[in-house]
Structure formats: structure tokens, C-alpha cells
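Undergrad: So the chains spell out like this:
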Amino acid sequence: MKFQELIERLKVPAEQTSFGQGGALNPELSGISAIDQAQAGELSFIGGAAFAGWVSKTQASALILPQDPALWQAAEDRHIAWIATDQPRLLFAQALGAFYRPWQPSAGIHPTAFVDPSVQIGQAVSIGANASVQAGVVLGSGVCIHANAALYPQVVVGDRTVIHANCVIHERSVLGRDCVIHSGAVIGSEGFGFVPTATGWEKMPQSGRTILEDGVEVGCNSAIDRPAVGETRIGQGTKIDNLVQVGHGCQVGQQCLLVSQVGLAGAAQLGDRVMIGGQSGVVEKIKLGDLARVTAKSLVLQDVGAGETVSGIPAMPNKLWLRTVVLIRRLPELFRRGDRSGS
Amino acid sequence: MKFQELIERLKVPAEQTSFGQGGALNPELSGISAIDQAQAGELSFIGGAAFAGWVSKTQASALILPQDPALWQAAEDRHIAWIATDQPRLLFAQALGAFYRPWQPSAGIHPTAFVDPSVQIGQAVSIGANASVQAGVVLGSGVCIHANAALYPQVVVGDRTVIHANCVIHERSVLGRDCVIHSGAVIGSEGFGFVPTATGWEKMPQSGRTILEDGVEVGCNSAIDRPAVGETRIGQGTKIDNLVQVGHGCQVGQQCLLVSQVGLAGAAQLGDRVMIGGQSGVVEKIKLGDLARVTAKSLVLQDVGAGETVSGIPAMPNKLWLRTVVLIRRLPELFRRGDRSGS
Amino acid sequence: MKFQELIERLKVPAEQTSFGQGGALNPELSGISAIDQAQAGELSFIGGAAFAGWVSKTQASALILPQDPALWQAAEDRHIAWIATDQPRLLFAQALGAFYRPWQPSAGIHPTAFVDPSVQIGQAVSIGANASVQAGVVLGSGVCIHANAALYPQVVVGDRTVIHANCVIHERSVLGRDCVIHSGAVIGSEGFGFVPTATGWEKMPQSGRTILEDGVEVGCNSAIDRPAVGETRIGQGTKIDNLVQVGHGCQVGQQCLLVSQVGLAGAAQLGDRVMIGGQSGVVEKIKLGDLARVTAKSLVLQDVGAGETVSGIPAMPNKLWLRTVVLIRRLPELFRRGDRSGS
Numbered sequence: 001m002k003f004q005e006l007i008e009r010l011k012v013p014a015e016q017t018s019f020g021q022g023g024a025l026n027p028e029l030s031g032i033s034a035i036d037q038a039q040a041g042e043l044s045f046i047g048g049a050a051f052a053g054w055v056s057k058t059q060a061s062a063l064i065l066p067q068d069p070a071l072w073q074a075a076e077d078r079h080i081a082w083i084a085t086d087q088p089r090l091l092f093a094q095a096l097g098a099f100y101r102p103w104q105p106s107a108g109i110h111p112t113a114f115v116d117p118s119v120q121i122g123q124a125v126s127i128g129a130n131a132s133v134q135a136g137v138v139l140g141s142g143v144c145i146h147a148n149a150a151l152y153p154q155v156v157v158g159d160r161t162v163i164h165a166n167c168v169i170h171e172r173s174v175l176g177r178d179c180v181i182h183s184g185a186v187i188g189s190e191g192f193g194f195v196p197t198a199t200g201w202e203k204m205p206q207s208g209r210t211i212l213e214d215g216v217e218v219g220c221n222s223a224i225d226r227p228a229v230g231e232t233r234i235g236q237g238t239k240i241d242n243l244v245q246v247g248h249g250c251q252v253g254q255q256c257l258l259v260s261q262v263g264l265a266g267a268a269q270l271g272d273r274v275m276i277g278g279q280s281g282v283v284e285k286i287k288l289g290d291l292a293r294v295t296a297k298s299l300v301l302q303d304v305g306a307g308e309t310v311s312g313i314p315a316m317p318n319k320l321w322l323r324t325v326v327l328i329r330r331l332p333e334l335f336r337r338g339d340r341s342g343s
Numbered sequence: 001m002k003f004q005e006l007i008e009r010l011k012v013p014a015e016q017t018s019f020g021q022g023g024a025l026n027p028e029l030s031g032i033s034a035i036d037q038a039q040a041g042e043l044s045f046i047g048g049a050a051f052a053g054w055v056s057k058t059q060a061s062a063l064i065l066p067q068d069p070a071l072w073q074a075a076e077d078r079h080i081a082w083i084a085t086d087q088p089r090l091l092f093a094q095a096l097g098a099f100y101r102p103w104q105p106s107a108g109i110h111p112t113a114f115v116d117p118s119v120q121i122g123q124a125v126s127i128g129a130n131a132s133v134q135a136g137v138v139l140g141s142g143v144c145i146h147a148n149a150a151l152y153p154q155v156v157v158g159d160r161t162v163i164h165a166n167c168v169i170h171e172r173s174v175l176g177r178d179c180v181i182h183s184g185a186v187i188g189s190e191g192f193g194f195v196p197t198a199t200g201w202e203k204m205p206q207s208g209r210t211i212l213e214d215g216v217e218v219g220c221n222s223a224i225d226r227p228a229v230g231e232t233r234i235g236q237g238t239k240i241d242n243l244v245q246v247g248h249g250c251q252v253g254q255q256c257l258l259v260s261q262v263g264l265a266g267a268a269q270l271g272d273r274v275m276i277g278g279q280s281g282v283v284e285k286i287k288l289g290d291l292a293r294v295t296a297k298s299l300v301l302q303d304v305g306a307g308e309t310v311s312g313i314p315a316m317p318n319k320l321w322l323r324t325v326v327l328i329r330r331l332p333e334l335f336r337r338g339d340r341s342g343s
Numbered sequence: 001m002k003f004q005e006l007i008e009r010l011k012v013p014a015e016q017t018s019f020g021q022g023g024a025l026n027p028e029l030s031g032i033s034a035i036d037q038a039q040a041g042e043l044s045f046i047g048g049a050a051f052a053g054w055v056s057k058t059q060a061s062a063l064i065l066p067q068d069p070a071l072w073q074a075a076e077d078r079h080i081a082w083i084a085t086d087q088p089r090l091l092f093a094q095a096l097g098a099f100y101r102p103w104q105p106s107a108g109i110h111p112t113a114f115v116d117p118s119v120q121i122g123q124a125v126s127i128g129a130n131a132s133v134q135a136g137v138v139l140g141s142g143v144c145i146h147a148n149a150a151l152y153p154q155v156v157v158g159d160r161t162v163i164h165a166n167c168v169i170h171e172r173s174v175l176g177r178d179c180v181i182h183s184g185a186v187i188g189s190e191g192f193g194f195v196p197t198a199t200g201w202e203k204m205p206q207s208g209r210t211i212l213e214d215g216v217e218v219g220c221n222s223a224i225d226r227p228a229v230g231e232t233r234i235g236q237g238t239k240i241d242n243l244v245q246v247g248h249g250c251q252v253g254q255q256c257l258l259v260s261q262v263g264l265a266g267a268a269q270l271g272d273r274v275m276i277g278g279q280s281g282v283v284e285k286i287k288l289g290d291l292a293r294v295t296a297k298s299l300v301l302q303d304v305g306a307g308e309t310v311s312g313i314p315a316m317p318n319k320l321w322l323r324t325v326v327l328i329r330r331l332p333e334l335f336r337r338g339d340r341s342g343s
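Going line by line, the protein sequences match chains A, B and C. First residue of the first sequence: 1, per the working numbering; consecutive thereafter. First residue of the second sequence: 1, per the working numbering; consecutive thereafter. First residue of the third sequence: 1, per the working numbering; consecutive thereafter.
Treat the hints as calculated values from the structure; they're not laboratory data. Treat the hints loosely; a few may be bogus.
All copies of an identical chain are treated as equivalent in the list; a pair is satisfied when it fits inside any one copy or across any two copies.
Calculated lysine-lysine pairs in the BS3-like style (CA-CA distance at most 30 Å, straight line) [to be verified]: (1) K11 with K319; (2) K319 with K285; (3) K57 with K319; (4) K203 with K287; (5) K285 with K57; (6) K57 with K203; (7) K287 with K319; (8) K57 with K11; (9) K203 with K2; (10) K285 with K11; (11) K57 with K2; (12) K2 with K285; (13) K2 with K319; (14) K287 with K11.
Kindly produce the complete structure, drawing on both the sequences and the hints.
TA: As C-alpha cells, this is what we get:
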């Protein structure tokens, strides 16, 4: 792709580019790389001041740059075409999308797949090798089900949603439009509900269902359970990383981010745009307000207010935690003091 | 289902119901819901005092209530049929079971499944689409193997055990009766055993096997490894949640509960009715006595006595931990004190 | 197998055995067991002084012993054949390998597997039931792909590598020779990359690939993501346990050990022979030097130097952590002291 074509595709204003500023450079771009690995013919980006020095040594033929005329000049001096933007990382993402799309099989039902005759199938649906789709499933247009995925009965999948290989989508789950379910994830399995009795654990049947709203991503081998009654719900645009556990009956808001290996116990309630760092846990029925943040490897035992950031095991306000972790390292000193003071 | 029929099915004594106490209410029940979501025609339950206020506003047509005549009266005043019990949650579980059963394919071998000719198959067995069952496997009566599950050779599966989609059961594993293996779980894979040498890690072959006794549940994408020699064993009635790791050679007792994302390192030994909270870890060869409890996100480095509850990283008695977590938050104050005292 | 044959197979010097020292014992060995479970006709081993007492009571017919003539004599007195070695555990591993090999299907493509006509297949390759292998994949000699595994396009698999059931290997991944990918693992899926915008999370396309060098093992249901650009790389001989997350763009050195449920965030860099204990986490872009060690359930927020051992949340030098965890338990005492001193 020519540099000029990329600019047009990305809808960048001409004056924000070397081309629009009179530069003649219009390199043929073959791909995209990180700034330290880019070769001639490739596009790369500089996200901020920390990487600015790379302008003088990168082999890239074109660069996405922040709003810094000195960097633009440095690029021109080295005959590198450039695009300026307030958000280099975002434009880089969009440029990557112009060069690259993840593999998707062509539309059609693979002859080795099993699809129950009652399944409703939209236009341009792809069902991969050895996949299985049970009775009453409804698949929207452009849905892609990769090899070996298994859909239990009465699942509904919205338009353009992609279900990767070896996923399992359990009965009555509803997946919105434009979702991506990564390989090995399990949606809508039975929640972990047991009632203690004198003779052991009696199972609480899990008759509810799991709902993913539009634009949800679920990472590899993550699990989102269904509840005894009612729904487990993941809000529009929420992104869930690999190996995450979402317990039965959780209500997760919109545009949240759950990083890898997070665990939400049953009936946790997250507002919108909540972010939870890797390996953190939230216990049963806890509420996290909009924009709440939990840093990595924390354990949330109490509700967290909107906009608050918490850390630690158990979680406390992040600022307090930052002070305690410094002081914990000084405990030997404190105990020596105490010993000296003779008490 | 009529209210009267439900009472009979649940074998509730008549005098413990509005019906038996002369009430004429016998609503047709169409389903079961949580108390805050129940609609007319539905059954719900009130587990304890915290939810008692719902009797005056729920739309449910029938309620399971605790032993509290004031609540019974309040229900009758609103023309709600009721059942009284010492254990509302348990009765609710049983009522759910009367209305709902998880989907199970009908008996028979799906034409797309691969089943080795040497496999022994009991009565009314179901083997789903694209499943594979290798040589020498023995399947009891009523066994259900869902789509895309893979059984390696010489596996034995007890009567009525359900293996969900995309599970893998490795060679020589033995699964008892009435077990449920949830989607994506892996039973009996090779333990993580390597011996250091000058040139790298030499693999310790894992020739043992994994045994699940009757009534064991294993959650989605959990893994229970087999050991180098001998057995990994999960005791009767033990319930394991999603994404749990059970290392090679672990001996887990009966009726234990391992919550999501727990990890047991190799050769851990758990007594009966041990409960381990989510994201907790137990290191190699540790022993936990009967009824020991580990709260969430703890790390057990030492043996835990029968009936003890431990918490923390590393784990300590729960009462001590509860005090330390309060005091850690007061460390800034303590250090200020120390500074003021001039030491 | 006769004892004498085993000695020859293991290439043990004759003088390091009861046989070579004039003993006539040459038992027929039927298998291998742990010292406390060994029966007549079995081989077992004693790894160190803690188990030495077992020489006088084991039922084993042959023993691998440390370099301790008293133990050799004790074995002879009980008519037990023995082999002496500096590394009993290593020799035991090798002996196990002489008796036991994990099940592997015979070479050939199962009729229920889907293999794209463009796939290049080496000699003696096995592709199991209901597996799927997409276009452009290259499989070396002796590769074994178990049932229901799914390989996306353009994957390269080195000689003798084993891919267990229900694994997913994503597009363009490269697996070296003699790797083992355990059941349910996912290699080369899209990294968790999103850019915040006013309207939600914009996906960063993940155009890179994941590379496993020779001799890598990846545990059950683990996930190793691919990056936006460039490579995620796991070095030669590194062993990864179950349920481990390796984020996009991580560079893991040779002969590392990542224990179960470890999580590496994006772009972490590990040197060679790094060991990370179970449930530990490493945040983005952190560097760990050669031979660095992280103990279980730690959170690494800062770089760790070569040969250092760190522990805790957040991680600190292990020696300091060991002192702080003792002192944290003494906090109640310290606060009492402070109260008594009247400040």
C-alpha cells in the first residue's frame, strides 16, 4: 500500500502529514513493525517522548508521530514520511487494521461440522470443521464459528460475532453483535452453587443464563457461569482477558476491562468502565462503582465507590496501600527501634 | 405445575404449607426466580431476615419461607402460597430441580463421534457429535459425553457421569458415578515433574493415574494432573470450581470445596470437608486436616490442623490475620509515633 | 524386564550396582512405584536421608540409592538389588522412561480429521480423530496431533512435537522440535490490546506471532498470546505448567520454569533459567535476569537482577520478605507496646 493510500484510508487531514505539507515522499509500505524492529518499507510509530530518539535511527520508511514539529523535521531529514496525531497509539491501531485482519474461514458450513436441522443461520455464516451446533440455536449474519467449537441448544449469537476454536457456549446463552470469544472459553456453564447438608453438598440447579452484550471480548480459556435463576450479564464493549473467572449472577457494566486471571465470585456487580488488574479477586455480592479501579493481585472484600482505586489483600485505598507497602519493608527497623526503646 | 403437586414432589409435610394449614391457594407455577425478580406465577424463596421485607412487595405467587409465623401470615395476607422449612435455601434447590434439568442429549452415539470398537458401553449412554473415545475405555450406564470431548485409552467412567463439551480425560483415569466434568476440564494429564541437570530439565515420566470418586464435580477448564507413580485422588462428593489446578499426586478428601482459581501443588493432602477459598494456593506436600478452611487468596506454606481456619500470604490463623490487616493500615500512624518518640 | 537389562539400558557403571559388586540378585521387574507403595517385583528409589529408613521395610525388589554404602549393605541384607547414583531422582526418572511411555496413537491421519490439502506432512505423523489442520500448515516428522486439536493456517510444527487433545494453535505460530503442548492449551491467540477512546475500547490488531523454541512444554489450558507486532517467544527447554498466562510480546529465555497459574503481563522479559513459583504475576515490560527466582504468589512490579530471589506483593528481596512476614504476625504486640509507651 502506498503511503498516500494509507493516509486516505485512515482519514487523516492532509496537513497532518508530510505529504500534505509538501513532502514528496510516498513510500510503498509492506507492513508495520515496532520502532526498534522496523525495516525499510515499513510503518512504525512513536508514542511519546521516551521513544523520540528512535527517529534518528529507525529503518522505518514512515512514522506515526505525536504533535511535535521537531520530530516531524527530524523524520523529514531522514527521508521518512510521517503522520502527526494527538493519539499515536490509536492511529497505529487503525493503521494495523488497514494492513492486517485475523484469519477467518470463508462462509459456509464445513462438511465435518454437525449443525442441527433446526438451527437458524444468517447470511455469510461460517461454521468450521468438526464444530457442533445443537437444536434451536440462532446465528446472525456474518457469524464465524471456528473448528471444534460446541454450541449447546437455544444459544443466540449476534451478527458478526466470532467464536474461536474449542469454545463451548452453553444452553440459552445470548451473545450480542461483534463479540469475540477466544479459543477455549466457556460461556454459560453451571455456576458453582451447592447447599451444605448433613450428608454432603446438594447441588443448586443453575437454571439461569449468561448474556454478553454487543462488542464483548472474552479471552482464551476464561469461564463465565450462569446462575441458579436470572442472568449473568456482561455489558456492552467490556473486554475480558484470558483465564478469567466470572461467577454466576455477576453483573458487569459497559466498557469494563478484566485483565488475565481475574476472578469475580458470584453476584459481584460492576459499574461501567471498571478496570480490574491481573490476578485480582472480588468476593461475593460486592459492588464496584463506575470507573472504579482495582490494581493487580488485590482482593476486594468491600464495596468500592465510583472512581476509587483500591489495592492490596484485602483491598484498601490505593494511596494508603502504597504507603503501607513501603512501611512493611521498614518493619525490621521499627521493631529494632521498639527493642532499643526498652519496652 | 400446581403448587400442590410441587409440595408432594418435595415431600414437604402438609402442616408446613399454606395449603396444609387450610389455605385454598393452589397457584399454577410456571417457574422459579430470585425474590427481587419474581413475577406472578413464579415461586421464590426468602432465606433469612435480611430479605423478609420482600414478602410485602414480591410479585411471586408462592414462597419458600423460614420458620417464622409472622412471615407466613404476611404471605397469606397478600394471597401468596407458602412452604415453611428450616432450610429455605436447600428446599429452593430441590424445587429448582423439580422445574429444571440441564440439557442432555438423548442416548445414542452421534454419527460424527469416533468410538473405538473395543470400548465397553453401558445402557442408555450418550456420546455427542465429534467426540472421541479411544481403545479400552469403559462407560457405565447413563454416561453422557458431550460434543468434542476426548477420552484417551483405558479410561473408566462410572454410571450417570456427565462429561461436558471439549473436556479431555487422559489415559487410565477413573471417574466414579454421578460425577460432572464441566466444559474444557482436563483430567489425568501429565504432572509437572522435571529433574534439573547440567543441560536443562529432564522430564520425570508421569506413569500414574487420576481417580475421581463418586459425586465429584470439576469446573470448567480446571486441570487435575496424574503423578509420576501412584495416584492423584479426589474424594467422594468433592466439588471443584472453574480454573482450579490440582497438582500431581494430590490426595483430596471427601466433600471438600475448592473455589475458583485455587491451586494445589504436587502431593498436597486434604482431609474431608476442607474448604479452600478462591485464588488460594497450597504448596507441595502440605497437609490440611478435616474441616480445615483456607480463606480466599491465601498461600498455605505449613500444615493446617483439623478444623482450623487460616488466611494470608503466608497463611496464619484467621483471627491473627484479621488483626494484622487492620494494623497494617495503621502502619503510617505507628511510624509517625515512632518518629515523634525520637528514636 | 530383568534388573540386569535395566542397568544396561540406563548405562549405569557395573560397579555402581549390587550386580557389579558380585551380587547374584537379578529380579524380574514389572514396574516402578513410590517407596511407600512398592510391591515385590517393583523398582523404587530413595532420594535422601529422610527416606533411608524405608530400606528396612520396603517390599520393592530393587532400589535406586544415594552414594551411601550403609544403605547398599542394608539393601543386600534384605535381598534387594540396588543401583547407586549421585542423583537418585534423575536416575529414577530415566528408569521410569524405560518402563513407561505416554500413550500415542499410531501414525496416520484419522478418517474423521480435517486436513487441508495444502498441509505439508512429514514422516510418521499422527493426526487424531476430529482434529482440524488448516491451510499452509507444516508438520515435521513424528509429529503427533491428538483428537480434537485445531491448528489455524500457516502453523509450523517441528519434529516429534506432541499436541494434545483440544489444543488450539493459532495462525503463523511456530513450534520447535520435541515440544509438548498439553490438553486445552492455546498458543498464539490475540494479545489483550485495546486503546481507550471516548466511545470505548478500540482493538489493537494483533498481527504478530508466537514462537516456541525446541523442547518447550506448555501445560493444560495455558495461554500464550501473540503481540500486535513482532513475536512472543518461549526459549529452548522452558517448561510451563497448567493454567499459565503469557501475555503478548513476552520474551522468555531458555530452561525457565513457570509454575501453575503464573501470569506474565505483556512484554515481560525473562532471562535464562528463571523460575517463577505458582500463582505469581509479573507486570508489563518487567525484566528478570538469568537465574532470577520469584517465589509463589508474588507480584513483580520492578526489574529483578540476575540470580536474585524475590517474594511478596509487591515483590522484595526474599530475605527481607521472610523477615517482614514474621514481623507482620507480631504487629499486635508492637501496637500494644506503642500504646503502653503512651505516645
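Undergrad: Each hint: holds or not?
TA: Going down the list of hints, with the structure as the test:
1. K11 with K319: neither (42 Å within a copy, 56 Å between copies)
2. K319 with K285: both (25 Å within a copy, 23 Å between copies)
3. K57 with K319: neither (40 Å within a copy, 43 Å between copies)
4. K203 with K287: both (26 Å within a copy, 27 Å between copies)
5. K285 with K57: between (53 Å within a copy, 22 Å between copies)
6. K57 with K203: Answer is between: at 29 Å across copies they meet the 30 Å cutoff, but 64 Å inside does not.
7. K287 with K319: both (20 Å within a copy, 26 Å between copies)
8. K57 with K11: This pair counts as within: shortest intra-copy Cα distance 28 Å, inter-copy 56 Å.
9. K203 with K2: Classified as between; 24 Å across copies, 62 Å inside a copy.
10. K285 with K11: neither (45 Å within a copy, 32 Å between copies)
11. K57 with K2: Classified as within: same-chain Cα gap 22 Å, cross-chain 67 Å, threshold 30 Å.
12. K2 with K285: Result: close neither inside a copy nor across copies, 54 Å intra and 33 Å inter.
13. K2 with K319: neither (49 Å within a copy, 58 Å between copies)
14. K287 with K11: neither (41 Å within a copy, 38 Å between copies)
Going down the numbered hints, you'll see the structure goes against 1, 3, 10, 12, 13 and 14, while the others check out.
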